[in-house]
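Number of protein chains: 2
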Amino acid sequence: MTDYRPPLTDILFVLNEVAGLPEIATFAAYPNADPEFVAGALGEAGRFAAEVIAPLNQVGDETHSTITKGAVTTPPGFKAAYDAFVASGWPAMGFPEQYGGGGMPVVAATAVNEMVTTANMAFSLCPMLTYGANEMLLWHGSEEQRAAYLGKLVPGEWTSTMVLTEADAGSDVGALITKAVPQGDGTYRVTGNKIFITWGDHDLTDNIVHIVLARTPDAPRGTKGISCFIIPKFLVNDDGTVGASNNVETVSLEHKLGIHASPTAVLAFEDSVGYLIGEENQGMRYMFTMMNNARLQVGLQGVSVAERAYQAAVEYATERRQGRAIGAPKTEKSPIVEHPDVRRMLLLMRSQIEAGRCLVLKTAEAIDVSHHHPDEAVRTRAAERLALLTPISKAWPTDMGVEVTSLGIQVLGGMGYIEESGMPQHFRDARITPIYEGTNGIQAADLVARKLPMRGGEAVREMLEEMGEVAAFLGKIDDLADIGTALGDAIGALAEASMGLGKMLMDDPNDALAGATPYQEMFGLTAGGWLLGMSALAAHRLLESGDDRFLRDKIATVRFFARHLLPKVRGLLPSALAGAEGLFAIATEDL
Amino acid sequence: MTDYRPPLTDILFVLNEVAGLPEIATFAAYPNADPEFVAGALGEAGRFAAEVIAPLNQVGDETHSTITKGAVTTPPGFKAAYDAFVASGWPAMGFPEQYGGGGMPVVAATAVNEMVTTANMAFSLCPMLTYGANEMLLWHGSEEQRAAYLGKLVPGEWTSTMVLTEADAGSDVGALITKAVPQGDGTYRVTGNKIFITWGDHDLTDNIVHIVLARTPDAPRGTKGISCFIIPKFLVNDDGTVGASNNVETVSLEHKLGIHASPTAVLAFEDSVGYLIGEENQGMRYMFTMMNNARLQVGLQGVSVAERAYQAAVEYATERRQGRAIGAPKTEKSPIVEHPDVRRMLLLMRSQIEAGRCLVLKTAEAIDVSHHHPDEAVRTRAAERLALLTPISKAWPTDMGVEVTSLGIQVLGGMGYIEESGMPQHFRDARITPIYEGTNGIQAADLVARKLPMRGGEAVREMLEEMGEVAAFLGKIDDLADIGTALGDAIGALAEASMGLGKMLMDDPNDALAGATPYQEMFGLTAGGWLLGMSALAAHRLLESGDDRFLRDKIATVRFFARHLLPKVRGLLPSALAGAEGLFAIATEDL
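If you read the sequences in order, they're chains L and S. Residues -12 to 578 (the working numbering) make up the first sequence, in order. Residues -12 to 578 (the working numbering) make up the second sequence, in order.
Hints are computed from structural coordinates only; laboratory data are not their basis. Accuracy of the hints is not assured; some may be wrong.
Repeated chains share a single entry, so a pair holds when one copy, or any two copies, can fit it.
Subject to a maximum C-alpha distance of 27 Å in a straight line, what follows is the list of computed DSSO-like cross-link-like pairs (lysine-lysine) [claimed, not checked]:
| no. | residue 1 | residue 2 |
| --- | --- | --- |
| 1 | Lys320 | Lys438 |
| 2 | Lys56 | Lys166 |
| 3 | Lys66 | Lys56 |
| 4 | Lys490 | Lys555 |
| 5 | Lys166 | Lys317 |
| 6 | Lys211 | Lys320 |
| 7 | Lys438 | Lys555 |
| 8 | Lys320 | Lys166 |
| 9 | Lys438 | Lys211 |
| 10 | Lys317 | Lys211 |
| 11 | Lys490 | Lys438 |
The following block holds chain L by itself, in its conformation from the complex:
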């Protein structure tokens, strides 16, 4: 298996030139966001990810986390790596200093997370889930709850989970039936079976703090009757030490296609003591406040696993010799990277990864700005942009991750199908990302039915306008004009789809929903092209101060994306606007 080389130059370029780090560094909430400081921190984090976490990726895949008599064992090396991770302070970096965090902005924390995830996606899920729980407690927990848990959770001494899904309540969270009965002393007793709980049990820490959705006895039906509880695996004594078992049984672990090292648990709660977060029946609302970042971090996983596959594919393609490329010396075989079709695959991988990285970090910027920009109007506008970008930056990079890891297999040919090559793991790991944290179909429905109509369509129209400005700027520079043309054409098709779907939404929402996924793909490609276009403009500007290979390569990568990927946008337009009638022309029983 290939070593992992953190793509620091590109990450820093995107942070500084696309994702607004220099401005974010001026926010009072982020004392540790100075670009130089962030660069140093990313260097350290990258080294840690590459040296400590990455080497455990394949062994984790081969060994799996396992369960024996209700106790989960993580793969060899995971406990030591996790301890080192906690000792390094990385889990805390994205949290406010007052809770023991590092005070770094979300853009920078996301960049660190990219490297941890690329090093080992299954491992990264554990701190990712904990981070989500931390946000939940920070925003909605009581002062007492924050005091009781954040001190342990922020540094990663304990971990946390998100316990939502039940057998009959997956995408339809409102259908859950787990019961929470108030005890009159402020606590509840929670009983129910939950499935698909990521890192739901493990042996890395002394305690696990479950964030659990359940219903109180007289709760309204559906999502309006869901409450949110803290249920620690072990009760916590008054002095903060770990106490008695809280009746959370690990029933089994799932046998999954990938992320084998991540224990996906079936958990049975039986009269487990639960502490209500906030108010009863507000659970879904609280969940929604964390959803943007959670979805973004899953989008990031698509970028990360694709990056790992890309690095392995480049290494193989430059070493493996087969056939003779046109123009190569007659006497020797060529590295397959010299064959145009192999190189095309590598650039498909590279350019889409760079687009995905831009998209994810741009969305992270929107989180930072929406929370901490000094100007309220700017914050409001950023929150809206965040709402619009979230489904796109969850769905597009994860679909891309499946495609790019599949290309990774293809570059290796027969070797790519052999597990020892490491490539199948990336392909298998990637395949979960379009599913969890809201399937990409759910994201598309959210984009079309909730986000497209925001402010009567103005939110989308303004974003299209901003994109159009980038296309226009590109058009003014001779060297980049072709990129501007391709971007402009994609924006035109996206605008047409937006107007068409907006109208359908009013006439017959099913027609709009029928086009939601192709529309989302159009949006993802175009947004990727927009941010890569910004990257090309920045590279062009920076090149004026002196030649630089990275910057020239960046423009070449953007040009590849413009030529090979952006034209797909218009090809998706008829599918986006086809409406629902054709979908139901065949009776269900004839399918």
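Guided by the hints, dock chain S onto chain L, whose structure is given.
Below, chain S alone, put in the same frame as chain L:
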């Protein structure tokens, strides 16, 4: 895991309305090709596939074929199923009666093969490889060799393998170094290590007949110095019984992403007795004669595994209830098949499977016509069409198979990621098909560099013209005119790409090769649309004799393909014509 329901109605429709079975039935070589007889035979074969072979698919995936002390053990049930398969006579159906075969045309044999493959792809590889060896012996073996082996191989009492690949000779077959030293008695002694040998060893039969590529001591370099040998695992006594070991050691089995039940062996030949097929140094030429059918059968695997995933996805989507579809009663949850995005995924699966089936069976028709049509001019033209269709019908359905099995996972959501659902196996199994029997990149290079220039481009031009006629016919029928328009536009884009690449091929072949894969995708989509368009025309005509749900559904499926898939063709045009310069704009060491 879902049962397998053979799609007999659609297979027979395609055979009769698209793939020319009625005409093929008139060829003297095929006494058993009458459409009624074929229909009966397919019914029987489908029942056998569903009842005997399909139930072993998941257990084969879980158990794998294993190796202990050089001996391979297939999964439980495989030996009994294989014995029943041999007893049923299906392995022999596609062979001439004079060699104990069933005298059925390739179109019909391919239809049977679809069902066996859908039932159990890993199982199906064993008879598929044997079939290829049979063709090799039939066309290039001596009378004596045919007498010695075909009697055992045609009915499947022994199996066969294709032994080409070595560690440094994969796509570049000409680099192989296995040595064959003539012994002066007409036999050779063969020594070398071979990898990736499908069903290279197993416990299903008494003997295995390896067809091995090797070099004689003074052979020319490259592909011109390759000879082809018969090397039985056990030598065959004069009376036809199995004799002494022939020094073929099974070194190991590969750990693969999928097709776990198919033992992929590393074989070591050491002074193994080999019998030359035909003449020395003609091995590659012989291999090429079998390549069309071998590639076609791999293309078929894409259709088959996609079909299995589709059936399982439909079953899940009609049973699983989540959320409420627009317009559904307020009080109940809807089966997810009622949600537009889920239905869209199912129709993406269905319409592409039907396009793939058409493409594969149309190519099989070209094999039959090229061999056995009474008119030599027709045979010649069919051989040319076969040459053109082969890369397309290998590559497009196999890429489609990966996409469709991935959609199958997506339809199931979280359950789709759980191995017990059966869906991950289809996704993992499908992933080999774009790789083996010539990667899809190799197919694309073949399409652009060898097939596009055939007769100065006339072969492609004539096919485009034929496609255009179908589009024109569709345009004349009110109910189908929209399909004709979409097809016509795709053909226009494909024609533009063909002309552009044809010109590049003369100016700088690297430019043409750079666009080979997107061109191949354009060709596959358009050819699929063409044959589906023929299907819609046939359905429309047949509907004149009375209403029929299958026929109406067929038109609806074609319409979905025309609306959602065909517009992608034009979106691929810029990528096909982008040339090579952009691919090499980034230095290899900067990738």
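Please sort Lys320 with Lys438 into within, between, both or neither, judging by C-alpha distance up to 27 Å.
between (53 Å within a copy, 24 Å between copies)
* First find the shortest C-alpha distance between Lys317 and Lys211 inside one copy, then the shortest across copies, and answer within, between, both or neither for a cut-off of 27 Å. => Intra 72 Å, inter 16 Å, cutoff 27 Å: inter-copy only.
Q) Within a copy, between copies, both or neither: where do Lys166 and Lys317 come within 27 Å Cα-Cα? A) Cα proximity of Lys166 and Lys317: across copies only (23 Å, versus 74 Å in one copy).
Practice prompt. Could you figure out if Lys56 and Lys166 sit no more than 27 Å apart (CA to CA) within one copy, between two copies, both or neither?
Written response: Cα proximity of Lys56 and Lys166: one copy only (26 Å, versus 56 Å across).
>> Within, between, both or neither: how does the pair Lys211, Lys320 come out at a Cα-Cα threshold of 27 Å?
In response: between (66 Å within a copy, 16 Å between copies)
Homomeric proximity label, Lys438 with Lys211: Cα distance no greater than 27 Å: within (21 Å within a copy, 62 Å between copies)
Worksheet item: From the Cα coordinates, with 27 Å as the cut-off, is the pair Lys490 and Lys555 best called within, between, both, or neither?
Response: both (23 Å within a copy, 24 Å between copies)
Inset, instruction - Check Lys66 against Lys56 for me: Cα-Cα at most 27 Å, and say if that holds within a copy, between copies, both or neither. - result: Answer is within; shortest intra-copy Cα gap is 20 Å, inter-copy 36 Å.
_My question is about Lys490 and Lys438: at a cut-off of 27 Å on alpha-carbon distance, are they close within one copy, between copies, both, or neither?_
within (14 Å within a copy, 46 Å between copies)
**Asked** Within a copy, between copies, both or neither: where do Lys438 and Lys555 come within 27 Å Cα-Cα?
**Response** both (23 Å within a copy, 26 Å between copies)
_Status of Lys166 relative to Lys320 across identical chains (alpha carbons, at most 27 Å)_ = between (67 Å within a copy, 21 Å between copies)
Consistency note: the structure conflicts with none of the earlier hints.
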